[in-house]
Amino acid sequence: MTKIAYYPGCTLKDQALGFEETTIAVMKKLGVELAELSRWNCCGTVYSLSSDNLMLQTAPLRNLVRVKEDGYDAVVTLCSMCYNTLKRANDLVREEPEKLDKLNLFMNREEVDYTSDVKVYHLLEYMRDEIGFDAIKKAVKLPLEGMKLAAYYGCLLTRPETLGFDDVENPTSLDKLISAMGAEPVKYAYKTECCGSYETVSAPAAVAERTYSIVKSAASAGAQAILTSCPLCFYNLDSRQKLAKKSHGDLKEMPIMYITQPLAVAFGLDQEICRFERNQIKPDSLFEKLMSPSGEST
Amino acid sequence: MKLVISKQAIENNQLDKVEEISGEKIYRCYQCGRCSAGCPMVEAMDITPNQVIHMLQIGDPEVLTAKAPWLCAACHTCDVRCPHGIDISRIMEAIRLLSLRRNEDFLAPDSLPGEVYEEMPQIALVAAFRKFTA
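Top line first, the protein sequences correspond to chains A and B. If you use my numbering, the first sequence closes out at 346, no skipped numbers anywhere. If you use my numbering, the second sequence closes out at 160, no skipped numbers anywhere.
Check before you lean on any hint, since a few could be wrong.
Said to hold, decoys possible - Just some of the chain B residues that point at chain A, by a computed CB distance under 7 Å:
hint, residue
1, 47
2, 99
3, 101
4, 105
5, 116
6, 150
7, 152
8, 153
As the list claims (entries may be wrong) - Pairwise CB distance ranges (calculated):
hint, chain 1, residue 1, chain 2, residue 2, range
9, A, 332, B, 63, 37 to 47 Å
10, A, 319, B, 93, 42 to 52 Å
11, A, 165, B, 33, 49 to 59 Å
12, B, 127, A, 179, 41 to 51 Å
13, B, 40, A, 325, 46 to 56 Å
14, A, 300, B, 138, 22 to 32 Å
15, A, 300, B, 27, 44 to 54 Å
16, B, 27, A, 325, 54 to 64 Å
17, A, 181, B, 127, 40 to 50 Å
It is worth saying that the hints were derived from the structure and are not from the lab. From the three backbone atoms N, C-alpha and C, an ideal C-beta is built for every residue, glycine too.
One chain only, chain A, in its complex shape (with noise of 0.2 Å):
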């Protein structure tokens, strides 16, 4: 079994338990183990955009430090925000090495230097590019046939550009992802449009607008639920709703998924590991007839 360290950042470990949990068991079904590194802390969540402040890049650079220690030279990590954080931070590291020599200074009580050796990825990418869909596509027991989901790729897995993930208009590595699970991905507007990230705290009704529009789409494309790879997304999109709803009568409550629960489904893995109890619109039923021995022979 290959073995990557993974970073699991905060929120992974709380309301997106269902998230880690299965992503755990599909890639143990693939023949990855994830191991979670030693020690690490939280990367920051938002990159910093200052340029004359570069403490803000010690969080996201410690957890690459930790990588290095724990013996990997490369870390998968499930959270977009995570992602976006320490692949950024490296990126930057990587392109100017005088900020690498002084960031390495203020974690002067770090046993290693940082060295800008670390591979960091997304865990899309590394099924895309490592695994592979076919790969994928062979392990599933139960394709998620007839089924149509809304691949929501959101801002911070794809974007900035030097991030380099996928196409930043139109990325499809989820939607093959999709297709690889039996489903059906449908094509629709909002795929790569910001749910109002963080504004969520501060500008709900704001955010709410948000939520409102990219289901709505999602559903005119005939989508049964959407799925996505951020917490932030997610609490967006699901929680989102019931505020949406007070100024939209006419939306339709959308299920929401972590890109991994439909696919640990499909593995035939046991539907507890999702933890749909933590989702506030339930996407259960969707898997009823699938789950069923009569649902299995049609």
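Following the hints, position chain B against chain A.
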């Protein structure tokens, strides 16, 4: 429309600070408006992202008290579409930082009701405090 641009306004070093903090060149913008056309939060803003840049270009200090920078979700839709490669998200961050570095909170953690802390994912709170709290 008559537009008065005073010498004093252009020499306002607060606005120069925006270029320094963001590392972006404000005068590269030729006002095509593509940033505003694609901005997911523009409907909630008082002025549009291209207006923010225009105000910086003419040295209008009112840009520093506009609501728009506090509604920017740093989603980078504008910067991937800007034909001149300006990262507007960084400019919005610089404007926020001018307030935050004077120790002025936009969002005080103790102003939030208790249920917000129970209900919201950690990343929402950490990100909001990083962007809005001094």
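Structure-based check of all given hints:
no.	hint	in the structure
1	47	holds (5 Å)
2	99	holds (4 Å)
3	101	holds (3 Å)
4	105	holds (6 Å)
5	116	holds (4 Å)
6	150	holds (5 Å)
7	152	holds (4 Å)
8	153	holds (4 Å)
9	332(A) <-> 63(B): 37 to 47 Å	holds (40 Å)
10	319(A) <-> 93(B): 42 to 52 Å	holds (45 Å)
11	165(A) <-> 33(B): 49 to 59 Å	holds (51 Å)
12	127(B) <-> 179(A): 41 to 51 Å	holds (45 Å)
13	40(B) <-> 325(A): 46 to 56 Å	holds (51 Å)
14	300(A) <-> 138(B): 22 to 32 Å	holds (31 Å)
15	300(A) <-> 27(B): 44 to 54 Å	holds (45 Å)
16	27(B) <-> 325(A): 54 to 64 Å	holds (58 Å)
17	181(A) <-> 127(B): 40 to 50 Å	holds (47 Å)
Every hint from the earlier list agrees with this structure, and none is contradicted.
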